[in-house]
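A.B. asks: Here is what each chain is made of, one letter per residue.
Number of protein chains: 4
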Amino acid sequence: MNAPLRLGMVGGGQGAFIGGVHRMAARLDGQWQLVAGALASDPLRALASADELGLDSSRSYASWEEMARREAARPDGIDAVAIVTPNHLHAPVATAFLEAGIDVICDKPLATSLADARALQALARRRERLLCLTHTYSGYAMVRQARAMVEAGELGALRLIQVEYAQDWLAEPIEQTGHERGNKQAAWRCDPALAGPAGALGDIGTHAYHLTSFVSGLQAESVCAELSSLVPGRRLDDHVQAMLRFPDGVRGLLWASQVATGCENALRLRVYGSRASLEFAQEQPNELLFTPLGGATQRLTRGRVGSAEAQAATRLPAGHPEGYLEAFAQLYRDAAEHIRARREGRAVAPASRWLTTAADGVAGLAFVEAVLASHRAGSAWTPLQQEGAIP
Amino acid sequence: MNAPLRLGMVGGGQGAFIGGVHRMAARLDGQWQLVAGALASDPLRALASADELGLDSSRSYASWEEMARREAARPDGIDAVAIVTPNHLHAPVATAFLEAGIDVICDKPLATSLADARALQALARRRERLLCLTHTYSGYAMVRQARAMVEAGELGALRLIQVEYAQDWLAEPIEQTGHERGNKQAAWRCDPALAGPAGALGDIGTHAYHLTSFVSGLQAESVCAELSSLVPGRRLDDHVQAMLRFPDGVRGLLWASQVATGCENALRLRVYGSRASLEFAQEQPNELLFTPLGGATQRLTRGRVGSAEAQAATRLPAGHPEGYLEAFAQLYRDAAEHIRARREGRAVAPASRWLTTAADGVAGLAFVEAVLASHRAGSAWTPLQQEGAIP
Amino acid sequence: MNAPLRLGMVGGGQGAFIGGVHRMAARLDGQWQLVAGALASDPLRALASADELGLDSSRSYASWEEMARREAARPDGIDAVAIVTPNHLHAPVATAFLEAGIDVICDKPLATSLADARALQALARRRERLLCLTHTYSGYAMVRQARAMVEAGELGALRLIQVEYAQDWLAEPIEQTGHERGNKQAAWRCDPALAGPAGALGDIGTHAYHLTSFVSGLQAESVCAELSSLVPGRRLDDHVQAMLRFPDGVRGLLWASQVATGCENALRLRVYGSRASLEFAQEQPNELLFTPLGGATQRLTRGRVGSAEAQAATRLPAGHPEGYLEAFAQLYRDAAEHIRARREGRAVAPASRWLTTAADGVAGLAFVEAVLASHRAGSAWTPLQQEGAIP
Amino acid sequence: MNAPLRLGMVGGGQGAFIGGVHRMAARLDGQWQLVAGALASDPLRALASADELGLDSSRSYASWEEMARREAARPDGIDAVAIVTPNHLHAPVATAFLEAGIDVICDKPLATSLADARALQALARRRERLLCLTHTYSGYAMVRQARAMVEAGELGALRLIQVEYAQDWLAEPIEQTGHERGNKQAAWRCDPALAGPAGALGDIGTHAYHLTSFVSGLQAESVCAELSSLVPGRRLDDHVQAMLRFPDGVRGLLWASQVATGCENALRLRVYGSRASLEFAQEQPNELLFTPLGGATQRLTRGRVGSAEAQAATRLPAGHPEGYLEAFAQLYRDAAEHIRARREGRAVAPASRWLTTAADGVAGLAFVEAVLASHRAGSAWTPLQQEGAIP
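Residue numbers (UniProt numbering), protein chains in the order written: chain G, 1 to 391; chain D, 1 to 391; chain P, 1 to 391; chain E, 1 to 391.
No lab work stands behind these hints, which were simulated from the structure alone. Treat the hints with care, as some may be off.
[Stated by the list, open to error] Incomplete in silico selection of chain D near chain E, CB under 8 Å:
id : residue
1  : G295
2  : A296
3  : L300
4  : V305
Predicted model, so just to flag it, every value in this text is computed and none were measured. Glycine included, each C-beta is placed from N, C-alpha and C at the ideal position.
Chain G extracted, bound-state conformation (with noise of 0.2 Å):
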């Protein structure tokens, strides 16, 4: 085994959620080892923070401009940092730590611009580093799976999706109230300050569209949409509705919603083509749904049936459900091949080729504008600004 890379994290201090995360999916596989962090702005919560994991006191930093530039100028410098910081930060930071030729990994959205997006894009390639996005369902096997089976022409001509993101947590108005749970996640995700324009639309929408485009290769031509703010006094949108135009006539709608009470995490995806049809539910990870035309619907099951694509993605047999943290670390595992192909002058593993870049980030951010334009045109029919994006 190659030794494990060097992470450094900025976000992710005492009380956060997704950098705890982050730091799991990077142990997993034992491909990565958390060695630096600017972990909270705050910075006695940034050392206690460091103290906690076990970092050593001179690689926590009091700010993330310091930590890039020193950790640039460090031998054993970091190998990659994994940005978890709101939303707001996303482009000065990733923007930092690729100035000083550090790998990006970056929580999503990219920014909260269409324009930040495309600039972050066009450094990444400058510098020659990688911009990666945790667009973590992209990680799990059965969606690798869906995303081969859709290639591979299973489906025929693809003619509807259905995608959809239900949760429930801001069902109330925990951002206004105040909560025992949940509060300091809700403070900056309904803030426009920290969280850019789109509430429900950027933090949840984004993965939907985002599945959608991994699995039907297709990116909307236009949306048709309208945003909600269904919890009274809420400052973001809370419900996301929206038709959606593909190429050759494919049609779709999105619905993302954080006020759907009764839900938790409902990610769910259908696909629908000529021959047969797919249906990925997040919650149910292990499994596919396949229905031929005409015939009975397949239960296919992680680590049973499955690609070339899906296997790789799979670490127990059949039965042994995996889950989130699976499919997360499905996404360091990748990153760690991009960095090592990269440095050792080879291809990536086809296994790892389906990492989330930035040219991913460009689309979230460019369906998240069409969506914002559309819904102040009156849900008028409004294109997604795709000119300039690079593959």
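Chain G is already provided as a structure; the job is to place chains D, P and E on it using the hints.
C.D. replies: Positioned in the frame of chain G, the structure of chains D, P and E alone reads:
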């Protein structure tokens, strides 16, 4: 027990589908006896069909006009007529029987235009006759349970409604090429002259819309919709997608498709309120999922847990599945109760008060016309024509 | 269509459960018309019940002995009698009607002893009359599909059978304390004088065993069983657990319980062969799960995928759920076909050949007696008394 | 955070399955670091395996005897050893490390005889060292939730327990014929010399039994069992079926099969009490079904609804699936807590108190030996040897 009511039927001859369903449904509870019919436009097929059903040949009519006239004149004439023809005949046949003073049980849609539907509603009111629609799915015990729970406020304030109705029987152009199954059905349902201007929209979109309003108690204020003919050469829509605005800021999505490969009769309704949500899937009609905010999803089952209305629509103990025919039979049982109550000068039993009536038919056509108009206007938000509705 | 056959009924008066089910089932397909009955042992209740059902008062009998005698003498006497009394009367009533030359449709179990069952089987054969049992679950289309697949060898060599039938309606001692629901049912079903020596074993264990042998084509060679009365004070078993040995080394488990809290009518059969397996759950009767070795589980659905036998037991298209009443109606349809075929001197239509007959009733009693004997012998392996069976 | 504990491993070299699982599980929570190993009996393979895992070559041992001796002597010697060898080595290896004063984490079964298991238990007690078993399924949050609910009396008095563990990976004689997958596993698991006298019984029957006793808090008093080798030529049982008697009249069935075609890793437990029931299915580990008598089934989900014990075994919010590795990691986390608590002279944290210990291993062997004895005695009811157990 009261003696069975006498039923006549227009349409439903050999080779038809829905006529046989009406007959089984009418028979199940022993409240109706089929005694007369104009079962087919072709006289020979009409006679053969009547013979097969054991009708007295004197009451097998060559035309529905004659049937209405002669049955109205008999002392033992039919108590009600079931209309199970292609859509374009619903209005003229219903008119003839209502004019003859005969109660009408009509397959949906009530008519092929909103104007015709309103005229029928007014006529029924003027003649003081029953004009009810067989929106089958409202006969399910667990659909009635859902309505009762919404009415009782168990969901809190409604916020979101998601309804979908997916089939795949038109996934291939069987109306064009001929096909061993479904051909005859497909031929008229895809022909604007027989089905009216709406394809999947009229056929199943109206069911989805009715189920939504039945359970939620809400009619949409406006729609933003797009119709598609996803199978090449099809003359009517086979896919409908629409965003809906209901009163008080409630939002919704509706999709109906007859080309959703792998779907059989997948009508599904989800209603989210501030306190709880409900989910009903027609293919599992003995259960209703209820999830209070922050709590566990509860699987409410027919016969075990339920409101008075649900219990009244239940024939068998829990765990002994009821199905589509029982739901359909419920409408016939309710219609019989309405007729008997009127004749006996008493109020309708509460358990039968939710029979689908002409007002629902009018609302359905208002929905259809608004969707058609929105589609023609490039998915502009279009209000439903609600003025003049007689609730 | 042939004119409906004339049906009489013994038992099934007001307050009874299964009689009403028989009547709906007989009515559904239009093959039977109820014309006579000895509906209750109490004459007044018998008359009131007959009136409620619209029977001619001259054919409402005070006793089944009289009914058998007088109906046999009428030129328009009943074509068959349905016996829906408590178990201890099945044999004497069936005997009386068979002796009178009248075909018999009997609720299960056929009798309360194996000797009685064999005597009935011999009598029916001697009198050349139909003696069939309403093992409802064998009327489901997907159960027939399962049998067809086993017969066709799609499972390979059978190896394991798991069958279970779990209810909870006797989870409390309602036969002792009185209870608003179920009391009357519970009273006779928990009384050895009325139900026979077997409680849950006779009531539902026999259904589980019949389903097993119906689908697998196998009768158990021996059983190793234990009965329990898990509710204090209960006089008959409410829980049965048994290991089964079938021919050719096939092994199985059977459990049946009426105190399995939370279970409604959870009859479930799983059959494992060397090449594939099948699973049927009565509460989801429109589907059958089929899994080939190494492949994906396929959800076979009624109306979409099926053998000729399954199609013949299907009334509605796929996705339009059928239920318990339709399965029950299938038995009445099959019985009508058997009677008509005999009278017309022709072979029974293949689709009706799987009607449950006296031989199944004899096999059921052989199972019951073997379980009772094994239990009494401290769960010793006990052979089923198969000699003398007339297949 | 405390520094990670140092872990050694015996077994788990290249080509093994469970060793890799142990390593991922140990790594996930950051509590353990693998530093030493005797990974394979073949010295070259041992070295290659150690190198692949990044072990220092000085701590890759040619034999476990040497490893125990030398690690015990190092100041930075391992804190615990994980034993992941075939079954017949569990007892001698565990003995060696316990004698050396090193804590032991052992794959199940603890030994291949009850006598050996008891000797180990006594040794661990005498040496005051941890001897824990990786009964993985007891690490699932919802299994702990089930146990907490039973302990809290939410089910009332227990009555029935149904447990099953069905797999199909031995449905073909792959241990005899060779096979591209599973061959090596199958070879030792079907060989009495390496696996001990119990095949499926020892491999998965013990898991089923442990899950039963873990959740219910009950040990069986006696068993009535039958073993079968359903695949021709197999030398050990591949199918176990057993009736169980628990204290206070509780009854149960257990079946475990490795030839149940179509089953992946279908471990399922159902516990019925006088007031409610519970159902857990390992392949859907994020949920637990709870049904109160007369009420609706509730789907309790990890992270949303749960006891303190379930919350403590939870890493992610509801709707973000956890799986088998997280359950396994829980055992490693619990073991670390036990070791730290002993060293720090404090009580074990309540959340870790349910670690599977030597007493469970002894109980498992008592179960295995009773089943073997019952089988040999023609399925006679056979008591479990409970005397001498150290709870």
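A.B. asks: All the hints need checking, so say for each whether the structure fits it.
C.D. replies: Hint check:
Because the smallest distance between the Cβ of G295 (chain D) and any Cβ of chain E comes to about 7 Å, under 8 Å, the interface hint for this residue holds. Among the interface hints, the one on A296 (chain D) holds; its C-beta lies about 4 Å from the nearest C-beta in chain E, closer than the 8 Å criterion. With a least beta-carbon distance of about 5 Å to chain E, the hint placing L300 (chain D) at the interface is held under the 8 Å criterion. Hint status for V305 (chain D): holds, given a least beta-carbon distance of 5 Å to chain E, under 8 Å.
Every hint, counting from the list given before, is met by this structure.
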